[in-house]
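Every position in the sequence shown, counted from 1, becomes a number in my numbering once 2 is added.
Hint data in this document are derived by calculation from the structure and do not stem from the laboratory. Positions of the beta carbon are idealized from the N, C-alpha and C atoms, including for glycine. Errors might be hidden in some of the hints.
Said to hold, decoys possible - DSBU-like cross-link-like pairs, simulated, lysine-lysine; straight-line CA separation at most 35 angstroms:
1) Lys4 to Lys116
2) Lys82 to Lys116
3) Lys82 to Lys4
4) Lys172 to Lys116
5) Lys172 to Lys82
As the list claims (entries may be wrong) - Ranges between beta-carbon positions, derived for each pair:
6) Gly147 to Ala357: 40 to 48 angstroms
7) Arg68 to Glu364: 43 to 51 angstroms
8) Gly29 to Ala308: 14 to 22 angstroms
9) Ser286 to Pro41: 49 to 57 angstroms
10) Glu288 to Ala308: 14 to 22 angstroms
11) Asp59 to Arg148: 49 to 57 angstroms
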Amino acid sequence: MKTFRTAIVGTGGIAAIHAENLTDLGGRAEIVAAADVDPDRLDAFCDRWDVSGRYPDLATLLREERPDVVHLCTPPGLHKEQVLACLTAGVNVLCEKPPTLSLSDMDEIAAVEKVSGAHFATVFQHRFGSAAVKLRRLVAEGAFGRPLVAVCNTLWYRPVEYFAVPWRGKWEIEGGGPTMGHGIHQFDLLLSILGEWEEITAVAARQARPTATEDFSAGMVRFANGAVASIVNSLLSPRETSYLRFDFEYATVEVEHLYGYGDENWKVTPAPGHEEAVRLAWESGESGVPSGHGAQFTALFDALEAGEALPVTVEQSRATMEFVAATYASAFSGRAVRRGEIGPDSAHYRRMDGAGAPWAAESPEPSEPSAAAPTEEARA
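Model the full assembly from the supplied sequences, consistent with the hints where possible.
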């Protein structure tokens, strides 16, 4: 088993999640370097995780080190240029979500990846829990019959203080609100299970938070296999939950969690007359692996060792990003948007807000401040 030389760029809260999960992989990864513009934060991170290479920026790190893979844990507005720098240097790169701010950025990354000899992947860790892996297999096998109806809710709460961080709530830096940066994990999992979507009709609004982006969105989605799903993304929900439900011909499959699930968070309800077949199907195969960065990192190093593309690939990431762009395009135009419709001639190809959100000319009116800090803020 090979030990992969790993570097982390950006040493804030999410970087600690990466470091912790990397050190739990039984020697498969060695964190050899880290970079951050804040020297005190960089030193604290490197001291905590015993990292010897300390650099003020990615360019210096890439010049001085030769890591097998770079983990980007920086704000979204920095991702594209940092990804391109890694790929151009021939270094594999794993990027936190959202991978870019636009579809045009994704296509630029795809073009550079093709000639670089290196691979790009996005952190979409909910795909990798054993229950999700099992459900994808059972759907492919037709064990539960046709998918008919689905629900995908990301109902989270972020108070006004959450947006005091300068890069939050701005299209130019964060790329969007809960559609782009929060609910993306749940509906990426939904898309990975139900496959290609065909059309979305959506709404988005700035209901209560002092942001340029939305703080709520919802959509109705039709899939190529005939399934229909409702999707809600909110930062306004005091009782927080992440909930997905899949109604198949022979069973309902549900998962409810907040920032990560285990096998115990899943529930399967068979249709009358299908109890034994559904039970046997669900009890077969994959089990025991919770969703989380560690599960994806294991898959990533397996791919590196095999010389394969890294999960989640640029093509898979683009499909999810296209869904985000279509959500905004539908919400801001008031019409349904079909897959493949947003090309270089669309304003939403280069910016998620297109020509601007409907409320762009209005001053944001903040809600009353809350004393409560957002739960698990570093994971959002």
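Here is how each hint holds up against the structure:
Under the criterion of a C-alpha separation no larger than 35 angstroms, the hint pairing Lys4 with Lys116 is consistent with the structure, at around 25 angstroms. Pair hint Lys82 plus Lys116 holds up; C-alpha atoms about 16 angstroms apart against a cutoff of 35 angstroms. Restraint check for Lys82 and Lys4: the C-alpha separation of about 29 angstroms stays at or below 35 angstroms, so the hint holds. Under the criterion of a C-alpha separation no larger than 35 angstroms, the hint pairing Lys172 with Lys116 is consistent with the structure, at around 31 angstroms.
Of the pairs offered as hints, the one joining Lys172 and Lys82 holds, with about 17 angstroms between alpha carbons and a cut-off of 35 angstroms not exceeded. Separated by about 43 angstroms at the C-beta atoms, Gly147 and Ala357 satisfy the suggested range of 40 to 48 angstroms. Under the hint 43 to 51 angstroms, the C-beta atoms of Arg68 and Glu364, about 50 angstroms apart, fit the expected range. Restraint check, Gly29 to Ala308: a C-beta distance of roughly 18 angstroms satisfies the suggested window 14 to 22 angstroms.
At about 52 angstroms, the CB distance of Ser286 to Pro41 agrees with the hint of 49 to 57 angstroms. About 19 angstroms separates the C-beta atoms of Glu288 and Ala308, a value consistent with the hinted range of 14 to 22 angstroms. Between Asp59 and Arg148 the beta carbons are some 51 angstroms apart, a value that agrees with the proposed interval 49 to 57 angstroms.
The structure shown violates none of the earlier numbered hints.
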